[in-house]
Amino acid sequence: MLGGALLASLVLQAGGGLRQALEPTEMYRLGFERVVADPGWALALATLFVVVSQVKINLTNAYAGSLAWSNVFARLTHSHPGRVVWLVFNVLVALLLMTLGVFEALERVLGFYANVAVAWVGALVADLVINKPLGWSPRRIEFKRAHLYDLNPVGLGAMVLAALLGVLAYAGLLGSVARAFAPFIALATALVGSPLLAWWTRGRYYLAREPEVAWNAAPVRCVVCENAFEAEDMAGCPAYAAPICSLCCSLESRCHDRCKTRARR
0 MLGGALLASL
10 VLQAGGGLRQ
20 ALEPTEMYRL
30 GFERVVADPG
40 WALALATLFV
50 VVSQVKINLT
60 NAYAGSLAWS
70 NVFARLTHSH
80 PGRVVWLVFN
90 VLVALLLMTL
100 GVFEALERVL
110 GFYANVAVAW
120 VGALVADLVI
130 NKPLGWSPRR
140 IEFKRAHLYD
150 LNPVGLGAMV
160 LAALLGVLAY
170 AGLLGSVARA
180 FAPFIALATA
190 LVGSPLLAWW
200 TRGRYYLARE
210 PEVAWNAAPV
220 RCVVCENAFE
230 AEDMAGCPAY
240 AAPICSLCCS
250 LESRCHDRCK
260 TRARR
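Under numbering that gives the first Met the number 0, think of the first position of the sequence shown as 0, with each following residue one higher.
Rather than coming from a laboratory, the hints here were simulated on the basis of the structure. Only a predicted model underlies this, so the values are computations on that prediction, with no experimental measurement involved. Any given hint could be a false lead.
Unchecked claim - Computed spacing ranges between beta-carbons, pair by pair: (1) Arg74 with Ala43: 44 to 50 Å; (2) Thr98 with Tyr239: 43 to 49 Å; (3) Ala36 with Leu66: 43 to 49 Å; (4) Val54 with Pro137: 38 to 44 Å; (5) Phe111 with Ala4: 19 to 25 Å; (6) Ala240 with Ala93: 41 to 47 Å; (7) Arg139 with Gly81: 27 to 33 Å; (8) Gly14 with Phe48: 21 to 27 Å; (9) Ala217 with Met0: 42 to 48 Å.
To be verified - Only pairs whose alpha carbons sit at most 27 Å apart, straight line, appear in this in silico DSS-like list of lysine-lysine: (10) Lys143 with Lys131; (11) Lys259 with Lys131; (12) Lys143 with Lys259.
Don't be surprised by glycine CBs; every beta carbon is placed ideally from N, CA and C.
Sequences are here, hints too, so could you generate the full structure?
Below you can see the structure in the form of structure tokens.
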């Protein structure tokens, strides 16, 4: 954000308008002209930088999007058609949005998304750097469904509250100054809200149960898919009375969470 603001200021100082200051190629071209004397080389460097950046961004978004689709639908529908399916689906959605010209409204969409994303990241950071050192959340990071509550009010509550305040500020309902600092309001709210909720709930909604078996350091074989995984990815399943990997645990719908009967309360 600071780098983009610096490049935009260079465009404005060079006599460019606001539209040019929002154009990445123009920003990079003027930035590289401060480094190399030849305008041709500056344009070539700016073009290369934009192309490499866009390829990197789109590859990262395609991969991250496939992870998000896969995780959400595995939890909601207990099905997993494969990561490649969600990768292709995510790319097709992106191409469809480009074809429909959605980028004309992209600024507002990104503004809304930025506040939600900052609220989410702020809740994560607060839990890692504040809650855990103070002992308000478990020292270790648990990700297995078999050991987690369905909902943890600490992270979810802090994120929802921060995102709500950030979006209200971005919409201009809290004044023009708050609108300019909407992402920072969301971040500050998450950083404060997460520790308060963790202290209030005394961290009891993080872990639904403790690991029952100390697996050996060697890979452990899953009873469902029969693949071997690292011990950190395995959990003891009372329905099968055997180890189960985190993916198969997420896809299992017949056990009705027998391993954590009070996790939905």
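Discussion item. Just to be sure I understand the hint, the distance between the Cβ atoms of arginine 139 and glycine 81 should be within 27 to 33 Å; is that true here?
Written reply: holds (30 Å)
Discussion item. For a C-alpha distance cap of 27 Å, please report whether lysine 259 and lysine 131 respect it.
Written reply: holds (23 Å)
Worksheet item: Given the proposed pairing of lysine 143 with lysine 259, does the C-alpha separation stay at or below 27 Å?
Response: holds (12 Å)
Worksheet item: Given a hinted range of 44 to 50 Å, is it respected by the beta-carbon distance of arginine 74 and alanine 43?
Response: At 47 Å between Cβs, range holds.
Worksheet item: Does the Cβ-Cβ separation between alanine 36 and leucine 66 fall within 43 to 49 Å?
Response: With a Cβ separation near 44 Å, alanine 36 and leucine 66 satisfy 43 to 49 Å, so the hint holds.
Discussion item. Range first: 43 to 49 Å. Now tell me if the beta carbons of threonine 98 and tyrosine 239 are that far apart.
Written reply: holds (47 Å)
Practice prompt. Kindly confirm whether 19 to 25 Å is satisfied by the beta carbon distance between phenylalanine 111 and alanine 4.
Written response: holds (20 Å)
Discussion item. Looking only at beta-carbon atoms, does the pair valine 54, proline 137 fall within the given range of 38 to 44 Å?
Written reply: holds (39 Å)
Item to complete: Return holds or violated for the Cβ distance of glycine 14 and phenylalanine 48 against the range 21 to 27 Å.
Response: The hint (21 to 27 Å, Cβ to Cβ) holds, given that glycine 14 and phenylalanine 48 are roughly 22 Å apart.
Worksheet item: Falls inside 42 to 48 Å, the C-beta gap from alanine 217 to methionine 0?
Response: holds (46 Å)
Worksheet item: Given the proposed pairing of lysine 143 with lysine 131, does the C-alpha separation stay at or below 27 Å?
Response: Satisfied, since the Cα-Cα distance of roughly 18 Å is no more than 27 Å.
Worksheet item: alanine 240 and alanine 93, beta-carbon distance inside 41 to 47 Å?
Response: Holds: the Cβ-Cβ distance is about 44 Å, inside 41 to 47 Å.
When the structure is compared with the earlier hints, no violation turns up for any of them.
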